[in-house]
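Q: For the record, the sequence lines run as chains E and P.
Note that our numbering has the first sequence beginning at 1, numbered continuously upward.
Note that our numbering has the second sequence beginning at 1, numbered continuously upward.
Hints are computed from structural coordinates only; laboratory data are not their basis.
Don't take each hint at face value.
In silico contact screen, one side only, chain E against chain P (beta carbon under 10 Å); selected entries [said to hold, decoys possible]: (1) Glu-24; (2) Thr-75; (3) Ser-94; (4) Arg-172; (5) Ala-239.
Keep in mind it's a predicted model, so treat the numbers as computed, not measured.
Ideal Cβ placement from N, Cα and C applies to all residues, glycine included.
Number of protein chains: 2
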Amino acid sequence: MDGSDTRRGLPAVHRRFASLHRSESWVGDPEAFGMGAAVLLGDLCLAWSDEMLSTSDLPADRLLAGHQVYDQMRTELMGGQYLDLLEQARGGGSVERALRVARYKSAKYTIEKPLHLGAVLAGAGQEVLDGYSGYGLPLGEAFQLRDDVLGVFGDPSVTGKPAGDDLREGKRTALVAMALEQATPAQAAVVRRHLGDPHLTADGVARLREVIEQTGALRRVEGLIDELMDDALTALHAAPLAGDAREVLAQLAIAATARAT
Amino acid sequence: MDGSDTRRGLPAVHRRFASLHRSESWVGDPEAFGMGAAVLLGDLCLAWSDEMLSTSDLPADRLLAGHQVYDQMRTELMGGQYLDLLEQARGGGSVERALRVARYKSAKYTIEKPLHLGAVLAGAGQEVLDGYSGYGLPLGEAFQLRDDVLGVFGDPSVTGKPAGDDLREGKRTALVAMALEQATPAQAAVVRRHLGDPHLTADGVARLREVIEQTGALRRVEGLIDELMDDALTALHAAPLAGDAREVLAQLAIAATARAT
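Isolated chain E, as found in the complex (with noise of 0.2 Å):
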């Protein structure tokens, strides 16, 4: 939901369109067109997503039920976007509302709910849906955490996004927000001047990484990720599951929160 797939090397659709706009030499501002064409990509993705759950031919109550989760889900992720617009706009500064972005945006639509979505299509009950939560909202934050920190720290031939990507586009993540919580007024001005610069060196990028080191954000942050999958971790074990289901979940776990930097 990014707008962006270039970790996998591709440009994003936008950019294709405006691509396509000017090597045809079209009227008009190419990334205007690109845009459009994306916006409405979006939404045919969006309507065909739903025409394939109501078109699988489950039975009539699971898909009722099914479709209820996904409504929801829906919702939640509109309204997690909306959040992290909001959180990009304001200029960050709040590792509360940063972590609610990463619930909204993340763990709920990356995780809970899909799963929450499968259970319930295969008929299962309450109390599996309890402990997908439980294990799916952590993990899906410390998703998210694992996220910000590759953004900042990941290696390029490994992210598939230039060093210091995140940095760059100046995003307000909760790694940034702790950093900027414990900075010194030096180190406040550091951020200042780097976040968000589209020319960011080599240097600044370095210097960036440095203050979130020295304040002890990056700490912070890995030491949450490790709680989160803790929780997350016992919450599977709890949860009553099939021993090849929860030892699929636990790999999932490890996979979407390892360090790879």
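Position chain P relative to chain E; hints supplied.
A: Below, chain P alone, put in the same frame as chain E:
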């Protein structure tokens, strides 16, 4: 679906969010914030409209049939909107393509498919659906053509938009395509010079209107609207409908295509 409700005197959603951004002195580009928020709100409405249908408590078999119409409508609409984007980017020039845009974007989405949806939810048979297509498709095209005429010749006190607004936006409509088809080199030069000029003056509007009248495009579009209305009303009278339904739809047809210039 054109991102604007200025005809009702309100700024479009993206403008309102951009204003909020400005008045709060937030970080970043107000226009980008407005656009992002508007896209999310659109996605939310798209999801909610579907949720409203799914939770309408209608009998399962009718809901299923209704959803098929609804799904097809959404896909056609996104296709029509993209065809419109494409036609604007290509700089127009084809009457046939402009009419195809009108068919997908307006005729199907605005009239035919909503009638089908209601019919199917009410349990109507194929003959009613066919009657609605016979009425809805030509009426919908006539509605779009009337909108095109109003965008050029409409009275601002009636349309709520500045005079010649479509000309300033450079909209590539069937009306404009017809004018270009018959234009002399001098008339074509007037169109090239003025169409899409955001600072178009009242004098420029008058010159473009003159070309659209003198090339016979206005007369041709009015003739086409009349033909389409005839087709729509003929189909309406042949459709197996109760008398009051027929009466209401005849009134709708008149309201949707009235000159009001």
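Q: Tell me if the interface restraint on Thr-75(E) is satisfied: Cβ within less than 10 Å of some Cβ in chain P.
A: This interface hint holds because 7 Å falls under the 10 Å limit.
Q: With a cut-off of 10 Å on the beta carbons, see whether Ser-94(E) makes it to chain P.
A: Violated. Min distance 14 Å.
Q: Next item in the hint list is Ala-239(E). Is there a CB on chain P closer than 10 Å to its CB?
A: Interface hint status for Ala-239(E): violated (29 Å vs cutoff 10 Å).
Q: Does Glu-24(E) pass the interface hint, meaning its C-beta sits closer than 10 Å to a C-beta of chain P?
A: holds, 8 Å
Q: Against chain P, run the beta carbon of Arg-172(E) and see if the smallest gap drops under 10 Å.
A: holds, 9 Å
Hint violations for this structure: numbers 3 and 5, all remaining hints satisfied.
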